[in-house]
Amino acid sequence: MADTVTFVIMLVAFSAVMIYIGYRGYKATKGATDWLVAGRRVGAWVVALSYGATFISAVAIIGFGGQAQVFGLQLLWLSTLVIIVGVIIAFIVFGYRTRIMSKTLDALTFPELIAKRFNSRFIQGFGGAVIAIFLIAYTAAVFKATASLVQVTFGISYETSIIVFTVIVATYLLLGGLFAVMWTDSIQGLIMVVGIGLLLAMVWASLGGVIPANEALAALGPAKYAPNGLTSASSFGSVSFMLVTSLIFGVGIGALAQPQLAIRFMTAKNDKVLRQGVPIGAVFMFLTVYVAFTVGALSNVMFKNNGIAIPPAPISSSQHSLTHFFRPGSCSFSCLQYSQLPCPPRAHSST
Amino acid sequence: MIWGMDVWVFTAFILTYIAIIFSLIYGLWPRKEQEEKEGLNEGG
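Just so you know, the sequences run in chain order A and B. So that you can map any letter, position 239 of the first sequence is 239 in the numbering used here, and since no number is skipped, the others follow by simple counting. So that you can map any letter, position 22 of the second sequence is 22 in the numbering used here, and since no number is skipped, the others follow by simple counting.
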C-alpha cells in the first residue's frame, strides 16, 4: 500500500512536470516547423537524450532485459551493436546528411523527406501508411510494457495504467509538439540512467564485483536458451544461436531505419550538435542497454542466492522477469537492499 | 574464460568500451574544419 501511495505521488509530480513542459512547448510553437521538427534549433544534450530515450524504450529495457535473463550475457552483443550502429554509425553516416537534406528540401517529416529526395508522392503516402500502421503496434508494445510493470509492481490495474499513461502522453504531445516530446524524452532519459545505473551498482555490490558476479553466473551451468552457460555464446547453428542473432541484428541494425529516430536528426541546430551528440548518445546507451542486459543476466544469480524460483524459460513470459526484479516491494529488490535476507519462492504472474 | 566470460562474450564487452572511447574522442575533440564545412553546407 505504501508503495502504491508513493507511486501515485511520484506519478502526479511526474505528470505535472511533463504537462508543464508541454505547455512550454505550446508557447514556443509558432508554426509547422516548430510543431514537427522543434524549429530545427535543438541542442546536443536534448537531441542525444531524446534519441536515446526513444530508441531505448520499455521494449529494450523491460523486454530485452528479460531476454538477457533467458539468453545470458551473450546478449551483450546487442548493446555493442546498439552503440556502434545505433548511435555512432547512425549519427555520423546518416545524421549529418539527414539534417542537411531535410533543411535544404524543407521537409518536416521523414516520409516528406524521402518523397522530396526521390520526387515521388507515392513514397510519401506509402511511407506514411507504413509508419502509421507499424508504429501503432510499436507504441502499443511500449504502453503494454509500462502498464505491465505498474501492474506487477504496484497492483494498479492494467487498464487504469494504460488510460492514465495515454492521457499524460497525449496531453503533452498535443500541447507542445516535438518540442515537448524531446524535452520530456530527455528528462525521462535522465531518470532512466540514474535508476538503472543504481540498479547495476547494487547488483554488482551484492555479488562482490564484476568478475565474481560473472563467475557466479557461469557456475549456474547451461540453461535452455544458453546451452553453453549464461556467460558463453551459443554454438553456431543452434536454436539459441539463431534466436540471439535474430534479436541482435534485427534490433541492432534495424535502428537505422526507424523514422522516429531519424526525425531527431532533423531537429538538430547544426552539425556540431550532432557531433557532440555522439558521445552523449553512446554513453546513454551504455548506461541503459548494457546495464539492463547485464542486470537481466545476473538476475539469475540473484534469484538463486535469495532462494527465489527462477522463472520458466518460455520467451513469451520471460519479459516479466525484469519487471519482477524491479519491483520495489518484491523479494529480489528487498534482498538487494538488505542483502543476505533469505526470501521464500515467489510465484510469477503471467499477464 | 576471461573475467568469467567466454571469448565471444568478452569480445562484445571490450568492443563496447572501445566504442564508448571512440565516441568520446570523436565528439569532444575540438575541430575547426567541421564548423567551416557546416557553414558552407548551410549557405548552399
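Among these hints, one or two may not hold up.
As the list claims (entries may be wrong) - Listed below are the simulated BS3-like cross-link pairs for lysine-lysine, each with C-alpha atoms no more than 25 Å apart in a straight line:
hint: 1; chain 1: A; residue 1: Lys116; chain 2: B; residue 2: Lys32
hint: 2; chain 1: A; residue 1: Lys103; chain 2: A; residue 2: Lys27
hint: 3; chain 1: A; residue 1: Lys304; chain 2: A; residue 2: Lys103
hint: 4; chain 1: A; residue 1: Lys30; chain 2: A; residue 2: Lys116
hint: 5; chain 1: B; residue 1: Lys32; chain 2: A; residue 2: Lys269
hint: 6; chain 1: B; residue 1: Lys32; chain 2: A; residue 2: Lys272
hint: 7; chain 1: A; residue 1: Lys144; chain 2: A; residue 2: Lys30
hint: 8; chain 1: A; residue 1: Lys269; chain 2: A; residue 2: Lys116
hint: 9; chain 1: A; residue 1: Lys269; chain 2: A; residue 2: Lys27
Because the hints were derived from the structure by calculation, they are not lab data.
Do the hints match the structure? See the list:
no.: 1; hint: A:Lys116 <-> B:Lys32; in the structure: violated, 32 Å
no.: 2; hint: A:Lys103 <-> A:Lys27; in the structure: holds, 23 Å
no.: 3; hint: A:Lys304 <-> A:Lys103; in the structure: violated, 55 Å
no.: 4; hint: A:Lys30 <-> A:Lys116; in the structure: holds, 24 Å
no.: 5; hint: B:Lys32 <-> A:Lys269; in the structure: holds, 17 Å
no.: 6; hint: B:Lys32 <-> A:Lys272; in the structure: holds, 10 Å
no.: 7; hint: A:Lys144 <-> A:Lys30; in the structure: violated, 34 Å
no.: 8; hint: A:Lys269 <-> A:Lys116; in the structure: holds, 21 Å
no.: 9; hint: A:Lys269 <-> A:Lys27; in the structure: holds, 19 Å
When each numbered hint is compared with the structure, violations occur for hints 1, 3 and 7.
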